[in-house]
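Asks: Going down the list, the sequences are from chains A, B, C, D and E.
Start counting the first sequence at 379; every next residue gets the next number (the numbering used here).
Start counting the second sequence at 2; every next residue gets the next number (the numbering used here).
Start counting the third sequence at 2; every next residue gets the next number (the numbering used here).
Start counting the fourth sequence at 2; every next residue gets the next number (the numbering used here).
Start counting the fifth sequence at 58; every next residue gets the next number (the numbering used here).
These are computed hints drawn from the structure, not numbers from a lab.
In this text the structure is predicted, and so the values were computed from the model without any measurement.
Below, in silico cross-link-like pairs of lysine-lysine (DSS-like), each with a Cα-Cα straight-line distance of 27 Å or less: (1) K128/B - K514/A; (2) K157/D - K257/E; (3) K77/C - K157/C; (4) K186/C - K70/C; (5) K77/D - K257/E.
Listed below are the residues making up each chain.
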Amino acid sequence: MVDNTLRVTGQRLPARAKTAPPPADSRGLALDVIALVTALLVVITHHIQNPLLQFELQFGRAFRNVTLQPVLAVGLLIFAGLLLLQTQAWRSLMGRCAAAGLLVYAALVLPAIVLDANLLGAALGLPPAAFLEELKDDALRPAFETALTLSTVPALAALLCVLLLWSPWARLPHYARAVRRNAPVLLVAVVVLVLWEVLIVVFRVQEFFIPRPTTIAATFTEIYPRLVTVGWNTFQNAFWGFVVGCGLGFLTGLLSARFVSLSSALLPLAIAANSVPIIAFAPIINNWFGALNPASKIAIVAILTYFPAMISTVRGLNATSPLQIELMRSYAASEMQIFRKLRFPASLPFVFSALKVATTLSMIGAIVSEYFGGTTQGLGYRIREDAANFKYPEAWAAIIVASLLGILFYTLVSAVERWLMPWHVTFRDE
Amino acid sequence: QDVPTVRVQMKWVTQAQFAGFYAARELGYWEEEGLNVEVLPGGPDIGPQQVVAAGGAEFGIDWLGSMLASREQGTKAVNIAQIYQRSGMRQLTWKDSGLETFADLRGTVTGVWGFGNQYPLFAALVKNEIDPDNPDDITIFNQPFDMVAFLNREIDSAAAMTYNEMAQVFEYVAEDGTFPVYTPDDVNILDLNEEGTAMLEDLVFVNEDWLAQAGNEEIAIQFLRGSFRGWVYCRDNVEACVDFVLAEGATLGTGHQLWMMNEVNKLVWPSPAGIGILDMELYQQTADIALNYEVISTAPDEGAVRTDLAQAALDGLIADYPDVDFMGMDYEPIDVAITPNGE
Amino acid sequence: MIISVENMTKKFRGSDGLTVHALDHVNLQIQQGEFVSLIGPSGCGKSTLLRVIADLIEPTEGRVLVNGKPAPQARKDRDYGFVFQSATLYDWRTVLQNVELPLEIMGFPRTMRQARAREMLRLVELGDFEGKYPYQLSGGMQQRVSIARALAFEPKILLMDEPFGALDEMTRERMNNELLNIWAKLGVTCIFVTHSIPEAVYLSTRVVVMSPRPGRIAEVIDVPLQQPRGTDTRDHDDYFHIQSRVRSALREGSGEAADSRRLREGIGG
Amino acid sequence: MIISVENMTKKFRGSDGLTVHALDHVNLQIQQGEFVSLIGPSGCGKSTLLRVIADLIEPTEGRVLVNGKPAPQARKDRDYGFVFQSATLYDWRTVLQNVELPLEIMGFPRTMRQARAREMLRLVELGDFEGKYPYQLSGGMQQRVSIARALAFEPKILLMDEPFGALDEMTRERMNNELLNIWAKLGVTCIFVTHSIPEAVYLSTRVVVMSPRPGRIAEVIDVPLQQPRGTDTRDHDDYFHIQSRVRSALREGSGEAADSRRLREGIGG
Amino acid sequence: MPAQKTSQTTWTLITIASILVAVLLLWEGLKSFSRASEYALALPWGGTLDLSNFNNQQLPHLGDIFGAFLEPAQRNGPPLYVILFRASLFTLSEAVAGFVLGSLLGFVLAVIFTHSSLLQRGLLPYVIASQTIPILAIAPMVVVWMRQLDLTALAVPVIAAYLTFFPVTIYTLRGLTSVSPLQLELMQSYAATRLQILVKLRIPNALPQMFTALKISATASVVGAIIGELPSGIQDGLGGAILNFNQYYVQSPPRLWATIVAAALVGMLFFGAVVLAERLIVRWQVKA
Ligand SMILES: Nc1ncnc2c1ncn2[C@@H]1O[C@H](COP(=O)(O)OP(=O)(O)OP(=O)(O)O)[C@@H](O)[C@H]1O
Ligand SMILES: Nc1ncnc2c1ncn2[C@@H]1O[C@H](COP(=O)(O)OP(=O)(O)OP(=O)(O)O)[C@@H](O)[C@H]1O
Ligand SMILES: [Mg+2]
Ligand SMILES: [Mg+2]
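Build out the structure end to end from the sequences listed, making use of the hints.
Replies: In structure tokens, the structure reads:
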């Protein structure tokens, strides 16, 4: 009997093959993004640690928010881990050293930020509480300056480690390709910005309609610490609203797909809920949860995102072919199994279309929800307030932060999508 | 045929706050002046300054603070007539809370609207050494259009216009139909006018460039003459004016609009220098507060205000209608009963 | 009697309101351990018959008993392994995961599942392809994956709809022998649709010849060739003899059907 | 020389980073009006070769000339009719509309389109099914629809990937003869993938035997049987003789491949 | 078979009815329960549960909400339902205009992105970015711009379109690009033009996704129209009514609720129309 083993190339195409550079698809830049984010997080966490940086530098002030800080610290750990995985650092001696350096830094930073236990401070005899507040007592200043100098060493070392792991110099051909690939985006950006600037100057458009990009940029660098804080507050609402709304949408979508008559009954109700403009709901929801309670904002986001998630789930769960269902039936698979192994994966393309739409919706929702009363520490309040007071450059700077957060959120969901459904036609490569 | 058409942009939705303008249109005062005027209702997010600057309207109604801010950004808005002579903004607290002065607001949750309306309150707070930006001193609550948060006691004090939100508190009907639930005896009314930090409110403004065009000063004067007569009419014919307003907005409560009309009259009248003439002292106070709170970054220039047009209109009117009182020095408000739910 | 189709009729109603009479009063009895081939012209209802037996669609009239219990019960008891006419692999699963699917559903532990699936893939000569996605396979390879999948959980009854249609002669012969091995070893009952008369005769204990429009059983032909079958079977005189019997039954069936079609105008309500 | 494949290699790069070497330095020359069959084990690259010739995928190396022009040009000139291994009908079109599709694309007027499509459907014995949707057809019927579709616009070159794989013997014979008729009448050039050696020999002027992994042309066998073919062809001695030549070429091709694999450990760049 | 269909419909109706009844019972039941317990429920493990969310202020009686439709909104005025009906028609017309505008734009963008990966890479990020700009922030500017262009009537539709085009773009793009490679190869073998591939393959293939998007957009356009009415100072639509009743919520909660009901009905009507269109157009069944 003839054995038909295929001539499959067994060579893994390693990400850093010396001979042939790997294909520069969009995933090709994942490592660079991870490395850059890790480096940025190293810098940020370094700033958070010492009041001299946190309270006295513009950059440090941006990260003064106490709920944001632990997230950033944990983020550092996650990204460092991703970086080590991506580069397979344990493969080489240098990699192992760099990994160790990064981990040591993380070990210093994490307790300092998450548990308020600054090891270095403890060694210098500084009270832990003093790290959390602006330095008013000049007597402590020299001690903090020493602490700062000392802590700069591991921070710089960590940066060096990231750089070694990343080795951007070995990836130059990548960048050439990536630049070529992403040239259109950059080009559009440049053209639009230049046109925007030029048109305003040439046609003398009054700045209170649209400020010039340069004015916005200048304003941005001036006020970004405030924007980071309010942006973070608003993003949290958007995120949790997204989770609740899409989660509920998915769950009810499941129920509807399972029980057809329930679906035809639930659907009108869902549509009804969705046709109610948030602006009408907002006062009622504010009454219910209390306008100062984040729950009211989260509820508004949830209502906004619920519908796309639900309707796409129903559609997606029914997007299986009769033959595929028959196969499952022939195994006498339970409904649950049919769901898990067939309907769920088959519905993913639809669900992800919905989730992507929901990311931007959730940012809009979180921002708009702040228009109807409540906290003054949000992006939406800032945008509206600045616009109302004719501080248009400030308003636009805030809008830019909103956009960035929205795009970030969208990109995150897209990355998960790619990761979950590599089989889908839209991601296949030749 | 030769009648020029101009538009006037209100600051908010149709209500008795703008009754004088509706009266001027309904009674044909503007027509008599040789003008065809369109009254554009406003709403949240409508900046009358933007509309006027963009040429969407010739005249705009706005509060002085935001007008100055917009001028600084280049809208070239010019105040040509100050209709309201005093501020209608108050801060309400519950009587049982014991918060009786602005100084008492330290450590409370204090509601106030945005859109630049917060600055008079902030000025009062600072005057009492409370930093509105410091959460340890006071929690500022971005107050929505309604008074629910105050009624639910979610916040300790709330901003209220005498002619609108304040009435809503008293018009409230309880679950079981009890009415009135709250009377003026149940609340403390903190007055910004008394604290000396009030900012001037409704005024008429135009665009400087527009005004500079030949013939437009005359049009402005014609517009003001009609408007002034409308406001005079509303002072003397409260109920008729309310009917004009109701005809504009199908969903408004009659009792509430009547209350509003009466309260608005109190803000307009008496006008010691004549209707529409700006009190320079109050103007200075407003400008100072605006400067203090970075609503504007430099003191307003000379061109921000022109009283001559209003004066010309007023003088003309006094000459043409010698019997009519354009100062209202002995204006007496009428008594308006609070109706349940403002019906 | 393991499978008993009694007086079964199946009609499809299309969205255009026309009814297609796919099967007409079919009666078929199959014993435990038999290997029955269905053969007949394209569109005569072979796939439909298989589907009805597996309780994937309901008969319009009549009934199907399996081991004395109704077909839905048998399906719930996971008595059936089904190979569809088209491979029907799940795009989002690799080859290995596709073969594992029925085992997952039946709750086998992971390691055992993988071992079993690998074994089956080796059987269909696709051991090297376990990590590939279906779109990376050729047509014949996809079909072989679906065969591996059906065999993986050792069902009592194997229903196969032209499983070897897309295979070359040599692979097909090897697969035939593998199938016979499995059949003999496990004592499963097979119902097998094919268009190849030699294949039908080589594999089966009985060949069921069907005639079209509406689908009927034209003739049932016993295949008394000695077991186990092998290369010598193919040289046997009876092998050719039975083949020509099947062939003529097919011709007759179609001819008869053509006649009856002429009478009834083929398709009707 | 109408089709000329020169030194053509095709590699697929998977998302897992593994490369599949599907075709390796293939050379093939085909004359105007020839009928060439491709035959070879499952997964040896027949479909891939057809796809490259039709310019549906690009070769990794080498080139394909058709009538002296590069394949993309030939495709744009609409020289090709393609029957895919799976029917690939559009779910949202009825049978008739599916057959009309290429004619629509080439801008034929409606009445002519329908007449032509009906004629083709009658040819594949599906005249009664024009109003049905694909899901209402049996597997073999779907495949016949796709054959009708490819024939509908009388392409100069017919590329057929196992078109008759899902048909019963009798229908298949009739289809074979219809195909030969069309071929003779229109003088088209045919490249035809099949797994049936008799079919390949019956239809072709040349049989190309391929060997697997990586796909290569193992042997090209001329079929000098007299034209037109018919029932007497099947009785001809040469008919059987050539069949066994093909069969042994196939066996050798696979064996040789297995040998070379053993030498090279199967896996390479 | 038809008999089966009828019973399916009956079942649906019964389920709808029972859900409605359940909501009604829950609504009124919670209200009377909390009222009986004076809006505070002592929990067995100590503490109290605040039930004031169910008082008439926060959650009016259903009867009151429907009663509000019949009562005049102001003394001697027409009943509220007349006003809301007019407002709904007005808003619906704006929403339809916005929907048409937005769907067309979304569709065109998706088609462009399908055919030019260059443009897709260049523009898609900005399309996404455009959606993260809160509509209420730019609505006033849109109104001003449209006024300057002398297209005041289009201001609200444009704002509604801004909210509707994005789902259409995303879903249609996904639908247009996820054609099976084989089906695409078939078209290529005919050397079909891009337009032909689009019309005969991509669009039919995308229809299910497109209709999902259109359903989302149908309701979104109603929301967009209402949001757009606010900065345009339009008083004739539901937006104006919502604003007024919101401002005077304390005085009459049922009126805002009644307006919400009206807005919801408009959305459902629109949605229903899209569903009907889908039923008429997508009649085939998917196969393997
Ligand atoms: N879902 C369906 N709706 C309507 N008609 C159908 C459906 N499924 C099958 N048919 C019809 O039933 C008849 C029998 O189909 P079936 O698939 O059983 O044929 P088959 O014998 O398997 O043919 P083949 O050998 O070509 O696969 C055909 O005429 C077909 O058109
Ligand atoms: N898109 C693809 N990606 C990766 N590998 C592929 C792809 N298409 C085909 N292959 C591989 O190329 C080889 C040849 O495939 P091809 O479809 O040409 O075989 P075939 O000769 O037509 O086989 P069959 O007779 O089974 O249809 C196979 O090993 C297959 O796995
Ligand atoms: Mg079949
Ligand atoms: Mg193939």
